[in-house]
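Protein chains in written order, with my numbering: chain H, 1 to 93; chain U, 1 to 134.
I should point out that these hints are in silico values taken from the structure, not numbers from a laboratory. Errors might be hidden in some of the hints.
[Said to hold, decoys possible] Some residues of chain U that are not near chain H, with every Cβ distance over 10 Å (derived): (1) 101; (2) 103; (3) 108.
[Said to hold, decoys possible] A partial selection of chain U residues facing chain H, derived with a Cβ cut-off under 8 Å: (4) 9; (5) 21; (6) 25; (7) 27; (8) 58; (9) 65; (10) 72; (11) 81; (12) 95.
The structure displayed is predicted, hence computed values, not measured ones. For each residue, glycine too, the CB sits at the ideal point set by N, CA and C.
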Amino acid sequence: MIFETVLITALCILMLAILANLYRIVKGPSSADRVQALDSIGINLIASTAVFSVLLHTHAFFDLILLIGILSFIGTVAFARFIERGVVIERKR
Amino acid sequence: MSVSGEIIGAVLILIGAIFSLISAIGNVRLPDVYTRSHAASKSSTLGVLCALVGTLLYFLISDGFFSIRLILGIFFVFLTAPVAAHVICRAAYRSQVPLAEQSVQDELKDYYMENEIETAQVEDKEKIAVYQGK
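Turn these sequences into a full structure, and let the hints guide you.
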């Protein structure tokens, strides 16, 4: 009983963290701030998926953790290249 | 046996969630993108690592289930979060996002001037003024 309460508290704390990052996405003066906050939200989503898999006592979400991590990283790198050079995939000639 | 697994898992997950919240507070309160990258990369990575290790230990102690996928996820997050923060900061500097007003030194600027490395073109000065005026 206490265990579930602690897990739900952790989920609420993660939700507060995601909301704070969402404020930074809306407000952020440059687009690099927004991309950084998006990356942070991806990391918080990974943590909350892990907490959910403990709460529901299932192994089914472990693939999802890996998948969210990979997608968040690729999205961040693509956005950074777009901010830096104006294109995502560069042609050599 | 199951109780000790629950205690270890709950404590690690709670520590990870609190670290994530501290990272988000830093992400809101710090002045510019370069200082925010400290909050967004370091403590956020530590938070998610604590939560994932807590999950791993919970399933290991209570079920005897050792998840290779979770180890792979921990390794991947640990490997890619600093790389992502570095790439974002480099993109921000090359696209001439200004530093905060209270920052005292910009050594990379001299390096860029000497070697004449081309930064991205921001023609309109009004945009920079908007950034600095927040």
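Handout entry: Numbered hints the structure breaks, given as an ascending list
Key = When the structure is compared with the hints, none of them turns out to be violated.
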